[in-house]
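Novice: The chain contents come next:
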Amino acid sequence: MSNKLIVSLSPHEKGELSVEKVMWGVVIALMPSFAISVYTFGFDAIKVVLLSVIFCVGIEFLIQKFMLKSEVTVLDGSAAITGLLLAFNVPSNIPWWQLLAGSVIAIGISKMAFGGLGKNPFNPALVGRAFMLASFPVEMTTWPVPFSNIWSPGTDAITAATPLGRLAEGGAKALGAMTDPPVEAVDYIDIFIGKVGGSLGEISAAAILIGGLYMLYKKIITWHIPVFYLLALAGFSGVLWLIDPSKYADPLFHLLAGGAMLGAWFMATDLVTSPMSVKGQIIFAVFGGLLCGAIRIFGSYPEGCSYSILIMNAFVPLIDKYSKPKRFGKEVKYG
Amino acid sequence: MKLKTFKLGGVHPPENKMTADIPVVPVDIPKRVSVTMSQHLGVPAVPKVEKGDKVKVGTLIGEAKGFISANIHSPVSGTVFKVDGVTDATGYRKNAVIINVEGDEWEAKIDKSETLVKEIKLSPEEIIQRIKDSGIVGMGGAAFPTHVKYMFPDGKTADTLVINGVECEPYLTSDHRVMLERPDEILVGISIMMKAGKVERAMIGIESNKPDAIKILSEKAKDYPGIEVVPLKVQYPQGAEKQLIKSLLNREIPSGKLPLDVGCIVNNIGTAFAIYEAVQKNKPLIERVVTLTGKDLKKGGNFLVRIGIPAKNLLEKLGAEIPENTGKMISGGPMMGKAVNHLDIPVTKGTSGIVIMSEDESKRDSIQNCIRCSKCVSVCPMGLEPYLLEKLAEKDMFEECEKEDIVDCIECGSCSYTCPSSRHLLDHIRYGKQNVMRIMRERRQQ
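Quick note, the sequences are listed as chains H and F, same order.
Using my numbering, you'd call the opening residue of the first sequence number 483 and step up by one each time.
Using my numbering, you'd call the opening residue of the second sequence number 915 and step up by one each time.
Hints in this document: simulated from the structure, not taken from any laboratory.
The C-beta atom is built at its ideal place from N, Cα and C for all residues, glycine as well.
One should not assume that every hint holds.
[To be verified] Each pair of labels, with its calculated beta carbon distance range:
id, chain 1, residue 1, chain 2, residue 2, range
1, F, 1354, H, 704, 49 to 55 Å
2, H, 552, F, 977, 57 to 63 Å
3, H, 536, F, 1352, 50 to 56 Å
4, H, 554, F, 1235, 40 to 46 Å
5, F, 916, H, 536, 32 to 38 Å
6, F, 916, H, 701, 36 to 42 Å
7, F, 1218, H, 503, 24 to 30 Å
8, F, 1126, H, 595, 46 to 52 Å
9, F, 1037, H, 704, 53 to 59 Å
10, F, 1358, H, 552, 42 to 48 Å
The shape of chain F in the complex, shown without the other chains (with noise of 0.2 Å):
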């Protein structure tokens, strides 16, 4: 059978999946753990605890400000230490509660067993209140707030739910685990999904290199009504939300557009197993997995790991040290993720994977002429034109560049990684789409 893909553009990275097989194992919980309030995209949330104030595992340390924000619980039990500002994936200092750690004591109302719960007692409305109640986020990088997505504007409604098991960045295997490990739960999450969003089928795509995650969610599948699994073809960015749900259902997303606009709304198969939790289990969003690998590391894992824990403590619960050719550190996977100059950086709820580069494999190889291949052009999910677009954001032609549709760019980075002359399309890309949207909303507020 051919496998469903997405038509524009794409490339095949090697894959390295080298911790696919290794079991996800719960990191201990250090004496200090910090834990930032802003880990979503949108706006931080509001500390709502103060230096010596005594938390829970579950308690709510952080409260979602405006539409688009989500809150912030506490992932360990302890004495607040201070609020202050660290350091995170971004590089930059963000607003953090710390917090001393004291024993491992949980809110009374969380449900601490693995006992499977099927039946659905909520109403849709309960579910997403309960959703934005416990802090859930998109948990495959870009840390959407996820009851946004369930809360229609007026006259939309959606028709399809489509999970993303998809996982094409290379290195990560923690939503591979997820599915392996808890196939039940994430069943259940999706029904729970389902019935918020009103929809009566859901699709589940995983790219064709986790076989045993397609089978054993295929089999379980069959006892949940609606409940699809589809297997892709792997292909980056099979992953990304427009790309996805073109392969799934041949829907277009026209530009500027959200997935709710071809009647869909996408989420993560980390975020359907949160949404269980969630929901009936009651208990928020306070840890999630993380893969941590690297070819040079002689033994990589997945990771059960509670928020705020810093990620060096990976590390040392394998008894591995950073190897000495270490050349790069990258939160996230190795085509969209951050590079980060320490390993001090708090997990966060977006935080999918910690991959350790070689200096060989870091260093970027040096800039020649375009000879104009056109390989960019034809690699690009959204058939844009990567190297006139990093010829006019070099030379700050901003109008240009929008005319050029450079803000339909998801900064994929498939163009930086064909091109044959090394060049830095995307660098050059993301400077020109930033300068674009803020003309565009300085033009907005005229």
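Okay, chain H solo, but in the shape it has when bound (with noise of 0.2 Å):
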């Protein structure tokens, strides 16, 4: 027996938590908005998510298996949050193979070429929106109005403008031509439980809330960025809405309409491409913030919560070379 004995330095208690509790429990928290993806949009929801997390569980395996000759650790979960991920941006008529080249780009590209978990820079399933956009442009703009043909695949889609499109286009007042049949107003009730078109995982920022809820309940995340990320979108688009609530939207609208929630809750709070310390994260939070109002109101585009992820994933190692956290014993005086 005593030949079998262990000697290693302290601690020699070890806690619960695993890489693989973190990854299923991110997994989790995304079922509600893939529940309420499936009743707005049935079978092809069921079928973008089951492809998409197919693609980049597949690819991450061919990879590691094939190409690395490494361990294979597709089971962490990892590659199975950004097919979620990836599925969730894109609309739910989006061809496979369109699917496939972006699954492509976001495991082999941004994730895999870089070193594979917890060394990539940006967000692997914002990359691959990223490039699908850039690509697909047509495919990726065109959304199936909720609740229609849900049931019977391979029909012809019809198609709605996304709230955002809709505002980018015309300005504050076109909103009101959203609903079909027009109303004087959109109803953000609807927005905020996923009444309205948009990509697969966006619609319902209800659902989102719940997941991050759990997200916060079990400590896989903390409050920091998306409450920051939120408010500096809302106080963002606030301040241009008091200016001028003819031609910008409320803020309230800009919370519940878009990627805004999914990005604030599930992209940002990415662990690997986010800052260590939570000075950091709120910087990080508050510019990504900023930058989505901008992009959304200013910019070509009528989305910027990925780009504004993806600029900010760019700035964290020097958001955390800057941001320390507080040290115990500096800065102290004791007289």
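Both chains come to you apart, so use the hints to assemble them.
Specialist: Right, here's the structure in full:
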């Protein structure tokens, strides 16, 4: 027996947390949004999400097994998250081969080429989405009308513009013509629970919020990034709205519409690509939110959330360097 | 009422205090004991006996050498067998006096009675001299010679004596038992320390998972002016000196400074008891309370152990054997203790417990990539960035390590404990810290 004893340095105790628990926790947190997307878009949603997850996990497996000949770690759940998030960022009628191209870029270029889990500077799902938006602009911005032909796959989808699309084209007045039949204004309750068109996982702010609260409860993320991101976005759009309500949409609209919620709760909080200290996370989130508002309101794209996060990803090493946590016993004066 | 605690970082490992209700029993004295000459922080003591010398319980066998050092007394009576190297919990061979036991004859000056002596006759200077003569060191684990803490450099004064009854290490219950069984002696001991340190106020910090100890000490403390018992939140490392002072007094020891720089003296509860015995009973530090525990150990216990008795004798006293599935044996607690590869190691003044862990508990999980979850940053009680220090130390970038305050690390292990990727953060940080401290020493010498 004595020759089997382990002699290692302290601590000899290890907490419960593991990479798998963290990653699968995020997957669970994404399930309410998945359920809403199936409810809204039917079979197409299941198809896109399943395909995307299979593509992402499969590509990671192939790369680890045959290109890197390293340990296969696809079961840690991180590739599944990328798959889910990528699917959530595209319309439900996206062709499968475009999704495959997006997955190759997301996993192959954005994640594995940098060294795999933990080494990627940019959020893989967002890189995949940015690639798809640049390569397939038509398919990526044509959204099926919610609740149309949802259980008969293959039929030509009737497309509808998203609230943000309308806003970019016609200003705040155009928002009234959003719903079908057109009514006076966009019903915020509808956007909140997910009755208005958009990408798969973005449509219901309520479902995203449930997932986000679950991650907070499980201590996978802290509240700083989502709250500060959304506050900055609301603040930026709110100031402009106060200046000219007829031209600019109100801050609540900006919070609920498009990918802001999904971005704030699931993309900006991505552990790997966000800063390490609380101070850094707040800087990251505030600038992300401001950028998102600026792109939405002044940029040529209707939606700026994903770009705002990608741009801030690039600043993370710099933020980490200059936003150190408060050290114990430094800058204390005791007389 | 909201419990006091420190704000920065901290974790809460499973407490596993299975032996908290088991009273302290003395361990039988074996035929031979090995008393090492460096049981304390600082310079090893110089052996004062030779082969064949007769010693009694309490005879000085090792003399302190230099300012930071401590006397060593014989814990048994008998004949010196030899002075030789003995492997202790650190894994290194240490110079030791090995004594063949004959009977149990004590030095005449020692008062062996159990009667409580409350009246403090000695002057502060005499108390400090007695503490020094009796070889008292910190009983919490680090074993820093106690008298040094009471010899203030010029111009420094203390206003508060902080008594550490936190015992934040999982499993260990030795301090807990001493508090329950010897509250009066502890309180007299604290009064002695207050006199020696010329302070009016003493605070005993105890984690709230020991309500019985809090209750008994609070009630008894009413009879002792200036002593206050403060319940603290269960949060590791509550018992770390800097964190404890922050919790109790909201004072932050500046980086590289000592408790005295914020007007505090910090001593362990076991030290208070040892000081009582030294000052009131003239009994040097020759025995201490040690916890023996482990999940797969059928029964554990708390033992009064003479210094130098091999740790395996505790098991014998229990009538237990090392479980078949044992994977690790730890001298001290599981967060900061040292793994040992056999139980022949002698109990020293700093041995607070022996924890036996099963193979399953002992194996480290395989290391995964850092996922930058920032958990290590958020649990670090010193506000450091363990993930960064790990990377820098791994690459031997010691200059950068120094800039990132690696020497402030208290090696509490919260980062490694919490890391979801099971990275050995503290292993690398220790390596970096030791190198930075070496570089700093060399720089000072030039």
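Novice: Range hint 32 to 38 Å: satisfied by the CB atoms of residue 916(F) and residue 536(H)?
Specialist: 51 Å, violated
Novice: If you check the beta carbons of residue 1358(F) and residue 552(H), does the distance land in 42 to 48 Å?
Specialist: Holds - the Cβ-Cβ distance for residue 1358(F) and residue 552(H), about 46 Å, lies within 42 to 48 Å.
Novice: Taking the CB of residue 916(F) and the CB of residue 701(H), does the distance hold inside 36 to 42 Å?
Specialist: 21 Å, violated
Novice: Regarding residue 1354(F) and residue 704(H), is the given constraint of 49 to 55 Å on their beta-carbon distance met?
Specialist: 35 Å, violated
Novice: Between residue 554(H) and residue 1235(F), is the Cβ distance one that fits in 40 to 46 Å?
Specialist: 42 Å, holds
Novice: Indicate whether the distance between the beta carbons of residue 1126(F) and residue 595(H) respects the range 46 to 52 Å.
Specialist: 60 Å, violated
Novice: Does the beta carbon distance between residue 1218(F) and residue 503(H) stay inside 24 to 30 Å, or does it fall outside?
Specialist: With a Cβ separation near 43 Å, residue 1218(F) and residue 503(H) fall outside 24 to 30 Å, so the hint is violated.
Novice: Could you check the hint for me, namely that residue 536(H) and residue 1352(F) are 50 to 56 Å apart, CB to CB?
Specialist: Cβ of residue 536(H) to Cβ of residue 1352(F): about 54 Å, so the range 50 to 56 Å holds.
Novice: Using the C-beta atoms of residue 552(H) and residue 977(F), is the stated range 57 to 63 Å upheld?
Specialist: 59 Å, holds
Novice: How does the Cβ-Cβ distance of residue 1037(F) and residue 704(H) compare with 53 to 59 Å: does it lie in that range?
Specialist: 55 Å, holds
Hints 1, 5, 6, 7, 8 from the list above are not met by this structure, while the remaining hints are.
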